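Student: When you get a sec, could you build the whole thing from the sequences and use the hints?
So the sequences go chain by chain: A and B. If you count by our numbering, then the first sequence holds residues 1 to 450, one letter each, in order. If you count by our numbering, then the second sequence holds residues 1 to 515, one letter each, in order.
Warning: the hint list may mix true and false statements.
[Claimed, not checked] One-sided and incomplete, this derived list gives chain B residues near chain A with beta-carbon spacing under 10 Å:
no., residue
1, Arg-88
2, Lys-373
3, Ala-381
[To be verified] Output of the computed footprint for chain B on chain A, the stretches with three or more beta carbons under 8 Å from beta carbons of chain B:
no., region
4, 181 to 195
5, 201 to 215
Just so you know, these hints were derived from the structure itself, not from any lab. Here the structure is a predicted model, which is why all the values come from computation and not from measurement. For each residue, glycine too, the CB sits at the ideal point set by N, CA and C.
Residue strings, one per chain:
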Amino acid sequence: MSGFISTTPAERDVMLSRIGVSTIDQLFEDLPTEHYRPDLDLPAGLSELETWQLLRKLSETNLDLERHPSFLGAGAYRHFVPAAIGHLISRGEFLTSYTPYQPEVSQGTLQAVYEWQSIVCALTGMDISNASVYDAGTGTGEAARMACALTRRRRVLVLDTVNPRYREVLATYASGPDIDVETVAAFTSRPDGTLGRVTDFSTKIDDSVACMIIQQPNFLGWMEQVEGLSDALASVGAILVVIADPVSLGVIRPPGAYGAGIVVGEGKWTGGPVDFGGPLVGMFACRKDFVRQMPGRIVGSTIDGDGRKGYVLTLATREQHIRREKATSNICTAEALIALATTIYFCHLGPVGLREVAEQSIQKAHYLASRISLLPGYTVQSTAPWLYEFPVHCPKPAAQVNEALLGSGIIGGYDLGLEDQALAHSLLLCCTEVTPRSDIDRLVDVLGSL
Amino acid sequence: MTTTEHVEVAVQAGSPLRPASGHSIFAGRQEGIPVVFEKSVKGRRAGKLPALDVPVMDLDEIIPASERRHELPLPELSELDVVRHFTRLSKRNYSIESEFYPLGSCTMKYNPKIDENVAALPGFRNLHPLQPAATVQGALKVIHDIQRQLAEITGLPGVSTQPVAGAHGELTGILMVRAAHLKQGRMRRKVLIPDSAHGTNPATAAMAGYESITIGHDRVTGELDFEDFKSKLDDDCAAVMITLPNTLGLFERRIEEICRLAHQVGCFVYCDGANLNALVGQIRPGDLGVDLLHVNLHKTFAVPHGGGGPGGGAICVAAGLEPFLPAPLVVQAADGSFAYDAHRPDSIGRVHSYQGNFNAVLRSYAYILQLGKEGLGELGANAVLNANYMRALLADDFTFYVDRICMHEFVLDGRPFKEFGVRTLDIAKRLIDHGYHPPTIYFPLIAPEAIMIEPTETESKETMDAFANALIAVAHEARTTPSVVQNAPHMTPVGRLDEVRAARQPDLRWLAPVS
Ligand SMILES: Cc1ncc(COP(=O)(O)O)c(C=O)c1O
Chain A
1 MSGFISTTPA ERDVMLSRIG VSTIDQLFED LPTEHYRPDL DLPAGLSELE TWQLLRKLSE
61 TNLDLERHPS FLGAGAYRHF VPAAIGHLIS RGEFLTSYTP YQPEVSQGTL QAVYEWQSIV
121 CALTGMDISN ASVYDAGTGT GEAARMACAL TRRRRVLVLD TVNPRYREVL ATYASGPDID
181 VETVAAFTSR PDGTLGRVTD FSTKIDDSVA CMIIQQPNFL GWMEQVEGLS DALASVGAIL
241 VVIADPVSLG VIRPPGAYGA GIVVGEGKWT GGPVDFGGPL VGMFACRKDF VRQMPGRIVG
301 STIDGDGRKG YVLTLATREQ HIRREKATSN ICTAEALIAL ATTIYFCHLG PVGLREVAEQ
361 SIQKAHYLAS RISLLPGYTV QSTAPWLYEF PVHCPKPAAQ VNEALLGSGI IGGYDLGLED
421 QALAHSLLLC CTEVTPRSDI DRLVDVLGSL
Chain B
1 MTTTEHVEVA VQAGSPLRPA SGHSIFAGRQ EGIPVVFEKS VKGRRAGKLP ALDVPVMDLD
61 EIIPASERRH ELPLPELSEL DVVRHFTRLS KRNYSIESEF YPLGSCTMKY NPKIDENVAA
121 LPGFRNLHPL QPAATVQGAL KVIHDIQRQL AEITGLPGVS TQPVAGAHGE LTGILMVRAA
181 HLKQGRMRRK VLIPDSAHGT NPATAAMAGY ESITIGHDRV TGELDFEDFK SKLDDDCAAV
241 MITLPNTLGL FERRIEEICR LAHQVGCFVY CDGANLNALV GQIRPGDLGV DLLHVNLHKT
301 FAVPHGGGGP GGGAICVAAG LEPFLPAPLV VQAADGSFAY DAHRPDSIGR VHSYQGNFNA
361 VLRSYAYILQ LGKEGLGELG ANAVLNANYM RALLADDFTF YVDRICMHEF VLDGRPFKEF
421 GVRTLDIAKR LIDHGYHPPT IYFPLIAPEA IMIEPTETES KETMDAFANA LIAVAHEART
481 TPSVVQNAPH MTPVGRLDEV RAARQPDLRW LAPVS
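Tutor: This is the structure we're talking about:
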């Protein structure tokens, strides 16, 4: 007996005789005998102690962000996570419960999802939120599919200032149903290292367009100019899809205020550690009249036979277990526990705390930018208002700068040359409230010495 | 105590609503817990940040006034308010940690606690997904090694852990099928799916741009209707999606023939691996001719379900399909170091923002290391032993949708209770009063009034004995005092909720009362 099985050999014999067989092999007689019980090329099992030692050692071979200054963002941001969150989501009642299909024994999870939906709506200014999608990348793909279903069109515009990873996932999601994704230039780069922005998309928008997808603030950290965009889209029956960063929503207008039809956001960084990029949790919100095309689970409030308030999964006629091939999406298991962590985070911070996190991140990043702009050879490349992330044009290729920084124990920024050769000298840097001034000063010193 | 005595005690106790098992997990109806927004007190706070350590700029110079936000309707609470609220909510949940979950198709096994500690190691938790590969060698080794382990367990050598749930693995796999056909210039339109399949299968096929064609099942064997399959299989079929064991908990005995025939017309065989728990260590789907399979890490391995995720949906494929796997893949270089292989021209592309649910992958890796070769063999064997034992315990009081030795789960037929006016839903709800989460009900759709039970390998004999007794007691109540069953559950904080009202008058978020 090994692993996590409690049946003793004596019990096994009792069980087998109750079944009416004498060996376990008899239970497997339906399996083709020539392939039965393969000799797996895997090592013997480890004890708990050995497993712990091995993995702890392995974890120490990584350079983690707690021990090394880092200015890497590019879609994944480290924020401070109050201790209460980890303790609460580790409670077995949350951690080890199933999807709440049986509402009477799942009111805890169901109410927490209702609260998540309420918070997502409050943050984004939208009417309706679902219980979560996998992440912002797949959320972007789902939003494009949803917009196509709502408009019965198959052309999607996406700005090239949207996180390239989200655009890649979008392309994958669009490939099945043959959605035509067109990437629209929203910035220009000049050889002298300055960047320009494009704000007029009128030539792209016509009545074949299902939606336009923008990110606010965008991948380069800037705020897109959104004024008039939703009107231009609405005039041809198209939908504005906004990918929003929840921290920014502590200080800037919610997408609902400028006409978004669908809003997607990454909820992981507000409530959990960076976790090497997973699990994440996609926020997914929309206008009230779009709800029938919404992917994923939705929780609603209702009453029992005595009029007592309770919560249930609802509007399930959109979903795969009822509609099968006609479902709005195939999503089933999503990211409930991460959504719970994010819900608790926003309850813990409240409006003042969230604004503070956003403002401190902004102040630190602007301090870093102001210091870098004084370094000879470096140019801060922002032609628009920006929040906590910005590209810097470096005297050397960004890859070399990052390598040199790593030599000084600093995990640098994101090398934009990885996305666009024209930006090979551009390093995308970010600060959050957890970035101490001493790290910023050290970064500036090392950059200055290169 | 025999079952009959058990029920008699319950009725004699004066409160037939409260079963005598003494096991009820809830004490009966309770006051509702206010929505967290209703607890808000203006000006209350839970935490604070350090004082800002950099010179402060005027925010108005940074963000144009027109873009600023003026109101942010989040609740204002102290930390104690927050901790109490969510602790109270947690107490309204059923969970594996305290109770047994007989949920068919869901594999709600116990996940060892060491995995929690491993998953919390700072050297894994605080890694940025875009750090240079040289700085995350330990994390890449985890991904690389589990790719190899899953390849060995499934017999399918190409593995990506990027998909984050079963349905996500399905989509990844069917998009790979599409890419493989397109590469050969084949525009196929159909995917064959048995009528017993999970709803995600046809939904996935549709998302990948295919028409799904339903194959019937054989009412006697519970397996796919082979003649129907053969008649529908043609060179317009891109893939056939088979669940193994199928959703009735039965092994498809003609799987090798199905694979052979499919391959003859260039059709791929996709295996929904949600039920892999039965097969681990017993047989490798790849050895049978399956081309693609997703593994639900949150079922078969060690990822707690979390009330609906996160999960993991690793996709495993035959050698010929490897070029189409999502990019990037984690590979090992000749010098032993680990790297991302992003240059994969035939790849379907990225299916997740980063490397999938790394933290779920890490837990599963620890679990596989701990089980090792023998442990994995015992996993599948005991999953099947437990299911058949449970089945034997229930055989006198229930009928089965298909009456034969099962794999890791089986389906009871709830129809015999109809003559007492009791439906499967009622039986499920009454089980709650006896202290148990109901089994999966009304799935698979082909089995009317289905009650689907999967004990998993981690449950003990006495847990299964006790559960079987409770279910038999409910069956007895259904025959003798049906109204107790029809109106159940009685012991929960809320009674049956009005789902029609929930859908017709949707209340999907909290709104501040208009003052
Ligand atoms: C047979 C089967 N297929 C697919 C799925 C979908 O898996 P997931 O919920 O991880 O997306 C499930 C899970 O409920 C299942 O039981």
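Student: Flag every earlier hint the structure violates by its number, smallest first.
Tutor: 4, 5
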